[in-house]
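Keeping the supplied structure of chain A fixed, place chain B upon it in accordance with the hints.
Number of protein chains: 2
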Amino acid sequence: MSESVQFGVAIVGCGTVGGAAAQLLTRDREVLAGRCAPAVVLRYVVDVNFDHARSLGLDEALFCTDIQKVLDDKDVHVVVELIGGQTIARDVMEKALRAGKHVVTANKALLAHAGAELYALARRQNVSIAFEASCAGGIPIIRALTGGLIANRLDALYGIVNGTCNFILTEMTTAGRSYADVLAEAQKAGLAEADPTLDVSGEDSAHKLAILASLAFGRKIDYDAIPVEGIDTLELCDVAFGQQLGYVVKLLAIASRQDDGLSLRVRPAFISKEHPLAWVSGPFNAVSVYGHATGHTMYYGRGAGGKPTASAVAADILSLAMGAWQNQFAQLKLWPDLSEKAEQLPIEAVQSRYYLRITCQDAPGVFGQIAAILGKHEISITSVLQQEPHSASAGGVPVIITTHHAREGNVRNAVAEIDALNVVKGKSVCIGIVEEYPEEL
Amino acid sequence: MSESVQFGVAIVGCGTVGGAAAQLLTRDREVLAGRCAPAVVLRYVVDVNFDHARSLGLDEALFCTDIQKVLDDKDVHVVVELIGGQTIARDVMEKALRAGKHVVTANKALLAHAGAELYALARRQNVSIAFEASCAGGIPIIRALTGGLIANRLDALYGIVNGTCNFILTEMTTAGRSYADVLAEAQKAGLAEADPTLDVSGEDSAHKLAILASLAFGRKIDYDAIPVEGIDTLELCDVAFGQQLGYVVKLLAIASRQDDGLSLRVRPAFISKEHPLAWVSGPFNAVSVYGHATGHTMYYGRGAGGKPTASAVAADILSLAMGAWQNQFAQLKLWPDLSEKAEQLPIEAVQSRYYLRITCQDAPGVFGQIAAILGKHEISITSVLQQEPHSASAGGVPVIITTHHAREGNVRNAVAEIDALNVVKGKSVCIGIVEEYPEEL
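Order-wise, the sequence lines are chains A and B. The first sequence runs -18 to 422 under the working numbering. The second sequence runs -18 to 422 under the working numbering.
Bound conformation, chain A alone (with noise of 0.2 Å):
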């Protein structure tokens, strides 16, 4: 493509990340002006109502309600699907494959249950499709393991990856509010969304989870398979037991190969004061990423709002526009329509070490049949923190326990044998300890 020629675009979808984004293409066009060699040009915004678009004072010619007269338009090169969901957004994305555009989403949802298909429809109708925007907003991650991090077996990857989450999740531990509490303020405040259950439930979490791991490993990953477990079950004392024993709470997006197969889990589990995730606070996201050349890198920004998804819409866009994309697109190997299946772990299988909290009479011996039951499932204990009774201890008092690594299998059984005993009152609390992957320099 000769630099008089322009790169036209479509942009399906004018909510809060394509109206940012046309708003980049256009307001911001002086930013992008001579920044690569093919001028990108919008050429039209598809939705079905426009009163969004008009607040943000776009273009009215721009404005199109009819998505063949996009595909029709044969200076359009590419067509980003915004609308979300898996119905209309993946009946307008085939469209746009098969009318030989190429498409930039960020459809995570889609990507994590159907990506794989749609890469394979791509590659037939020789276009591609980029997802920076699928996953962790503005941070480029997408480019970090399909670019910079090449030339690593990549063995672990541990995600912050929902904003939502992670503001309750710091208000939880900073402010000691209680979930209920800081969900209510979160929504008040536009962090979280009337019905926020797609996000507290980590279902968000697993979509991206999906997506990142597929290209971690170069396997095409079962996102049915995935174990998710939300925050909506959190106890505030769990969350601060865990600070004084030095660990900090995060729901995690976790990817990691075990010697029999990848775990891939999402759930909130306690992680190291010292690690820098542990740091990562607020709407911000993070990814760790552990390569065996590389050993630890990490990956931090804004992983949600207009602004910072758009600019990940606007880097594919322009890689698009140069060629680029196109390219890794063909050339690497890494994509799940090109692999093999992942082989995903049970939960039972994980290994991990665990934070346990078992609330139980203040009668002597109940810890000897506690650790006796952990010592029969090959379980070791690393810490105990049993507090002084005080006078609301009458319907038990906490016991916490760590763990070394176990295998989940058995602390789950373990955890029923110790539920099962009569000195023991409720249902006991299983959180996992996610420790520093052990990098191999």
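Please keep in mind that the hints were generated in silico from the structure rather than gathered at the bench. There's no promise every hint is true.
Note that the list lumps identical chains together, so a pair holds whenever it fits in one copy or between two copies.
To be verified - Straight-line C-alpha distance at most 20 Å; calculated SDA-like pairs for lysine to any residue: (1) Lys314 x Val22; (2) Lys254 x Thr151; (3) Lys254 x Gly227; (4) Lys76 x Ile48; (5) Lys314 x Val12; (6) Lys314 x Arg10; (7) Lys314 x Ala206; (8) Lys408 x Thr340; (9) Lys322 x Glu11; (10) Lys322 x Arg16; (11) Lys314 x Asp176; (12) Lys357 x Arg104; (13) Lys254 x Gln224; (14) Lys314 x Gly304; (15) Lys314 x Glu11; (16) Lys314 x Ala20; (17) Lys314 x Arg16; (18) Lys169 x Leu422; (19) Lys201 x Arg16; (20) Lys201 x Val12; (21) Lys406 x His94; (22) Lys322 x Val12; (23) Lys322 x Gly356; (24) Lys76 x Asp53; (25) Lys254 x Ala156; (26) Lys254 x Thr154.
Frame of chain A; chain B shown alone:
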């Protein structure tokens, strides 16, 4: 290049990084096998002495002392310059480019001084120079600046880009040990060179800053116009006073956009304990980049060492094998050989907050005199820390003042006037306080 074609590599200079890169391409071949379309094959290891290469168990059939043989071999597509320095390295690099080979290099000093000329030469020869390894070792910061962040106007970049200095400063901060003491230990542990000047003087950081700033701002940087101050004169008491005020001292490579031009500088500076860069400890590196759309993003990892740097070298090689880097190099317009000269501000024009330590006689009216001088030079005080005098204060008591934003020229003039006061003993210490760059989101 079809899949059956091989991409031939010659590594020139088999030291720590060259040896690790050769190992990554041979011993770890299975990691890279099938990762990208043209297979990458190491054809030569060029050096004058192969003791190190032999100690790594590299295949002796690769060893070559004749660079001309490499340049004449049409099956060599990329020459990896890992000699270092600016004489032989430059000669090798120019010869390789003239012979039509791509060049991969980790040579920050050479690129800081002569990058624009070398890029122009490469462009004339229709080949590319890739240099991810020149800045911050295994952290893919060059790719962030030329990839994921390209849709931003970048406004500031703060880097901790020298692991030796960061190790020394971390020890001074956390263990309260003197510079000389920690340096000696670092030398014993191999974390500092026998002659540490290049590192502790700030020069190595300035080399990296010149490269990073040229890409961040799309401008040609005059290396010699970068004001550089090292950590070798930093006193422990200032580290401690800073901590009392909530700051950590780091050797920062700073590039920031001011209304009147670009300010580039390298020096020890205070940064708030709340800023992610304050958390970066030991030999780790990190670079914070502020974009008008992304806001703050940060990149963290090991900034030196054989394997992390080899990871960057090999990523560049793979990227060239795929044709990806050539595309960036040709189509992106941020390269210093294609861009205007930066308007680099002199140090006097820097706008910053400052920490001042003034040693005064413990006498009435002294503070009033100091405050009057600061006021005259348009410097507002934000905090004062003066401790009760004790028996050892015959030589004067330290008064610690922090200021609002001021022009550095004014601060320097004020300090000169203050130091000329009869009641002031010795030379005052002035350290910049770097604040979180304001995001525009």
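Evaluation of the provided hints:
{"no.": "1", "hint": "Lys314 x Val22", "result": "between (31 Å within a copy, 17 Å between copies)"}
{"no.": "2", "hint": "Lys254 x Thr151", "result": "both (13 Å within a copy, 17 Å between copies)"}
{"no.": "3", "hint": "Lys254 x Gly227", "result": "both (6 Å within a copy, 18 Å between copies)"}
{"no.": "4", "hint": "Lys76 x Ile48", "result": "within (9 Å within a copy, 54 Å between copies)"}
{"no.": "5", "hint": "Lys314 x Val12", "result": "between (33 Å within a copy, 12 Å between copies)"}
{"no.": "6", "hint": "Lys314 x Arg10", "result": "between (34 Å within a copy, 15 Å between copies)"}
{"no.": "7", "hint": "Lys314 x Ala206", "result": "neither (23 Å within a copy, 44 Å between copies)"}
{"no.": "8", "hint": "Lys408 x Thr340", "result": "within (8 Å within a copy, 62 Å between copies)"}
{"no.": "9", "hint": "Lys322 x Glu11", "result": "between (45 Å within a copy, 19 Å between copies)"}
{"no.": "10", "hint": "Lys322 x Arg16", "result": "between (39 Å within a copy, 16 Å between copies)"}
{"no.": "11", "hint": "Lys314 x Asp176", "result": "neither (39 Å within a copy, 44 Å between copies)"}
{"no.": "12", "hint": "Lys357 x Arg104", "result": "neither (53 Å within a copy, 68 Å between copies)"}
{"no.": "13", "hint": "Lys254 x Gln224", "result": "both (8 Å within a copy, 19 Å between copies)"}
{"no.": "14", "hint": "Lys314 x Gly304", "result": "both (18 Å within a copy, 14 Å between copies)"}
{"no.": "15", "hint": "Lys314 x Glu11", "result": "between (36 Å within a copy, 14 Å between copies)"}
{"no.": "16", "hint": "Lys314 x Ala20", "result": "between (29 Å within a copy, 12 Å between copies)"}
{"no.": "17", "hint": "Lys314 x Arg16", "result": "between (28 Å within a copy, 5 Å between copies)"}
{"no.": "18", "hint": "Lys169 x Leu422", "result": "between (47 Å within a copy, 19 Å between copies)"}
{"no.": "19", "hint": "Lys201 x Arg16", "result": "between (35 Å within a copy, 15 Å between copies)"}
{"no.": "20", "hint": "Lys201 x Val12", "result": "between (38 Å within a copy, 18 Å between copies)"}
{"no.": "21", "hint": "Lys406 x His94", "result": "neither (41 Å within a copy, 70 Å between copies)"}
{"no.": "22", "hint": "Lys322 x Val12", "result": "between (42 Å within a copy, 18 Å between copies)"}
{"no.": "23", "hint": "Lys322 x Gly356", "result": "neither (36 Å within a copy, 69 Å between copies)"}
{"no.": "24", "hint": "Lys76 x Asp53", "result": "within (11 Å within a copy, 50 Å between copies)"}
{"no.": "25", "hint": "Lys254 x Ala156", "result": "both (17 Å within a copy, 18 Å between copies)"}
{"no.": "26", "hint": "Lys254 x Thr154", "result": "both (12 Å within a copy, 18 Å between copies)"}
When the structure is compared with the earlier hints, violations turn up for hints 7, 11, 12, 21 and 23 and for no others.
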